[in-house]
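Undergrad: These are the residues of each chain, in order.
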Amino acid sequence: MNEARGNPRLKETQLTRAGPSAAFIHIREVLSVSESVNRVFNGTTLYLVCGLVVLYVTVQALLFMRLAWRRGIELGITEKKMRQAVTNSAVFSIIPSLPIVIMLMVLTQVIGRYISWLRLSVIGSAAYENMAIDIAAKSYGLTGLGDLGFSPEIYVAATWVMSFGIVWGILFNIFFMGTLDKRAKKIQSRGGGFMKIASAALFVGMLAVMSMPHLANFIRNDLGTLSFCTAAAVSLLIGDVSKRTNIGALKEFAFPISLIAGMLTAILAAPLL
Amino acid sequence: MNNNFDISVNRLGRTSSIVALAMMSMPPIYVTWAMGIHIDTGNVLAALFNVAAVFIPICVIENISYYPILGAGGVYLSCITGNIMNMKLPAAVSGMTIAGVEPGSQEGEVISILCVAMSSIATAAILFIGMLGIGFLVPYLQTPLLKPGFDNIMPALMGALSIPFFLKNIKLSVTPIAVSLILCLALGPTTVQRNQSYIMPCVMLLSVAVAYVVHKQKEEKK
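Protein chains in written order, with this note's numbering: chain C, 1 to 273; chain G, 1 to 222.
Just so you know, not all the hints are guaranteed correct.
[Stated by the list, open to error] With a cut-off of at most 25 angstroms between alpha-carbon atoms, the simulated SDA-like pairs for lysine to any residue come out as follows: (1) K81(C) - K216(G); (2) K196(C) - K221(G); (3) K80(C) - K147(G); (4) K218(G) - P271(C); (5) K196(C) - E102(G); (6) K147(G) - I267(C); (7) K138(C) - N43(G); (8) K222(G) - I187(C); (9) K171(G) - I182(G); (10) K147(G) - A184(C); (11) K168(G) - K182(C); (12) K182(C) - F164(C); (13) K138(C) - K218(G); (14) K185(C) - P201(G); (15) K216(G) - V241(C); (16) K147(G) - P271(C); (17) K185(C) - R11(G); (18) K81(C) - R190(C); (19) K182(C) - K171(G); (20) K168(G) - V241(C); (21) K182(C) - K218(G); (22) K171(G) - I187(C).
[As the list claims (entries may be wrong)] Using C-beta positions, here's what the derived DEER-type ranges look like: (23) T41(G) - T179(C): 25 to 35 angstroms; (24) E102(G) - R39(C): 45 to 55 angstroms; (25) I29(G) - E74(C): 22 to 32 angstroms; (26) T190(G) - G76(C): 43 to 53 angstroms; (27) E74(C) - L185(G): 32 to 42 angstroms; (28) L45(G) - T179(C): 43 to 53 angstroms; (29) I170(G) - L250(C): 16 to 26 angstroms.
[Stated by the list, open to error] From chain G, some residues computed to sit far from chain C (all C-beta separations above 10 angstroms): (30) K147; (31) Q193; (32) E220.
Calculated from the structure, these hints are not laboratory results. All C-beta atoms in this analysis are idealised placements derived from N, C-alpha and C, irrespective of residue type, glycine included.
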């Protein structure tokens, strides 16, 4: 769902179905040709409606933060540590957000500025949104996203499909997360010494599946393998140096620095490989 | 002792998710009304059904897989803002490393919520700027010079995230790394990535099972 961006199957779907950027340009023309579509989809009211939703999501995040901060103090985590973790998160998040801005530009040409902004801010995933528009168009008998027969009705239908095609994670949480959490905590309290090991084992399992394809992909993407290794090495190096020198800022920015180092290696090595 | 916090997190999570769903229905309701269009419910439902068929199993499996690492609060939040694998999870995990707490612990859940929330706010802010100043950044980001960098965000991110954690837990990491590498060699890395949502829970379970057997053997020896 939320991983549609990282899911190559969806990327392929998006590329093959959405076609080249020519399709987007056609649709933009349609969007600007149909006066009523343009008026509503790029209008101030929709901006305010979407803005309200984005604002709500931000407030929700702040409420969770307040709850967690208080609990952290209760548990004896120092404020300094929590602040470091939060700063790291804010700085790190900037870089992976930039490709989403590019997606925003592309999607804007399909469904207008505000719906794109909203969709990528809430359960954001560009490939998913394109797929949803494509499927909506097909259910109206068109060939897909690139079809020139987009009627105003299809824009409206696409908005519905985009908004509700991907709410399953949220629905799962509403109905089952409480029970899952309760049961897991019960097992955890009974599990004794093994639970700590089990958490780490689950995590390395997840990381292995997520990371090994990048490491093993050297035939098709040698730059990827190179970035992977550089980022890993820099991250280890910073960890080591910050432990020895006790420079707080180094620890705080270790992750974004490693990420940039990996990307930079790819940029520098691209002309050579 | 931690009961109160858990109850609060689940209460806030459930309530705010219900409100989020209600809020998310506002834009489609508005455009339907403003365009004065009567949409064909059958067509929309058919399209929704098509999308649901792909996403229901993925969403359910992923939520259960992410839960042990992000905790309930982290999952509630990240489901609403999305981009879990490329942002929320790395943000939470690197935050835990900085704070020196373990994923799955009570402290881990606190850090996870803080980092996921901050990451959501940062993305929302950047997208807002991007939406307002539409286009000013894009030409720079898409220059052929920088393109290889942005194409390789995920490998760099995974390298920085995973290797230090593997080295910290070398014994536990051997099985899942070996299995993942074998799968990559047998099926090809792309196939593994494509089916990641399904492969991930299997490898996670296997990893715990092996850890359990080793743990039992050690205890028996004692």
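Undergrad: If a hint holds in the structure, say so; if it doesn't, say that too.
TA: Outcome of the hint check:
1. The straight-line distance between the Cα atoms of K81(C) and K216(G) is roughly 35 angstroms, outside the 25 angstroms bound, and the hint therefore fails.
2. A hinted pair counts as satisfied when its Cα atoms are at most 25 angstroms apart, and K196(C) with K221(G) qualifies at roughly 20 angstroms.
3. For the proposed pair K80(C) and K147(G), the alpha carbon gap of about 37 angstroms is over 25 angstroms, so the pair is violated.
4. With a CA separation close to 52 angstroms, the supplied pair K218(G) and P271(C) exceeds the 25 angstroms bound.
5. This hinted pair checks out: K196(C) and E102(G) have alpha carbons roughly 8 angstroms apart, not beyond 25 angstroms.
6. The suggested pairing of K147(G) with I267(C) holds, with an alpha-carbon distance near 7 angstroms, which does not exceed 25 angstroms.
7. Using a Cα cut-off of 25 angstroms, the hinted pair K138(C) and N43(G) holds, with the two alpha carbons roughly 9 angstroms apart.
8. A distance of roughly 24 angstroms separates the Cα atoms of K222(G) and I187(C); the hinted pair therefore holds under the 25 angstroms criterion.
9. Straight-line distance between C-alpha atoms of K171(G) and I182(G) comes to about 18 angstroms, which keeps the hinted pair within the 25 angstroms bound.
10. For the hint pairing K147(G) with A184(C), the CA-to-CA distance comes to about 43 angstroms; that exceeds 25 angstroms, so the pair is violated.
11. Note on K168(G) and K182(C): the hinted pairing is violated, with a Cα-Cα distance of about 29 angstroms set against a maximum of 25 angstroms.
12. For the proposed pair K182(C) and F164(C), the alpha carbon gap of about 28 angstroms is over 25 angstroms, so the pair is violated.
13. Using a Cα cut-off of 25 angstroms, the hinted pair K138(C) and K218(G) is violated, with the two alpha carbons roughly 59 angstroms apart.
14. A distance of roughly 19 angstroms separates the Cα atoms of K185(C) and P201(G); the hinted pair therefore holds under the 25 angstroms criterion.
15. Restraint check for K216(G) and V241(C): not satisfied, since their Cα atoms lie roughly 37 angstroms apart, outside the 25 angstroms limit.
16. Of the pairs offered as hints, the one joining K147(G) and P271(C) holds, with about 12 angstroms between alpha carbons and a cut-off of 25 angstroms not exceeded.
17. Annotation: proposed proximity of K185(C) to R11(G) holds, straight-line Cα distance about 16 angstroms (limit 25 angstroms).
18. The hinted pair formed by K81(C) and R190(C) fails the criterion: a straight-line CA distance of about 29 angstroms is larger than 25 angstroms.
19. Proximity of K182(C) to K171(G) is assessed by CA-CA distance (about 30 angstroms); at most 25 angstroms being required, the pair is judged violated.
20. For a cut-off of 25 angstroms, the pair hint linking K168(G) to V241(C) stands: about 16 angstroms separates their Cα positions.
21. About 30 angstroms separates the Cα atoms of K182(C) and K218(G), which puts this hinted pair outside 25 angstroms; it is violated.
22. Of the pairs offered as hints, the one joining K171(G) and I187(C) holds, with about 24 angstroms between alpha carbons and a cut-off of 25 angstroms not exceeded.
23. Range check, T41(G) to T179(C): Cβ separation about 33 angstroms, and the 25 to 35 angstroms hint holds.
24. A hinted range of 45 to 55 angstroms holds for the C-beta pair E102(G) and R39(C), which are about 54 angstroms apart.
25. Range check, I29(G) to E74(C): about 41 angstroms between beta-carbon atoms, so the 22 to 32 angstroms window is missed.
26. Remark: the range hint 43 to 53 angstroms for T190(G) to G76(C) is upheld by a beta-carbon distance near 45 angstroms.
27. Taking the beta carbon of each, E74(C) and L185(G) are about 48 angstroms apart, not inside 32 to 42 angstroms as hinted.
28. About 29 angstroms separates the C-beta atoms of L45(G) and T179(C), a value inconsistent with the hinted range of 43 to 53 angstroms.
29. Against the hinted window of 16 to 26 angstroms, the Cβ-Cβ separation of I170(G) and L250(C) comes to about 24 angstroms, which satisfies the hint.
30. The beta carbon of K147(G) sits about 8 angstroms from the closest Cβ of chain C, which is not more than 10 angstroms, so the claim that it is off the interface is violated.
31. Against the 10 angstroms criterion, Q193(G) falls within the reach of chain C, whose nearest CB is about 5 angstroms from its own CB.
32. Residue placement check: E220(G) keeps its beta carbon more than 10 angstroms from all beta carbons of chain C (closest about 13 angstroms).
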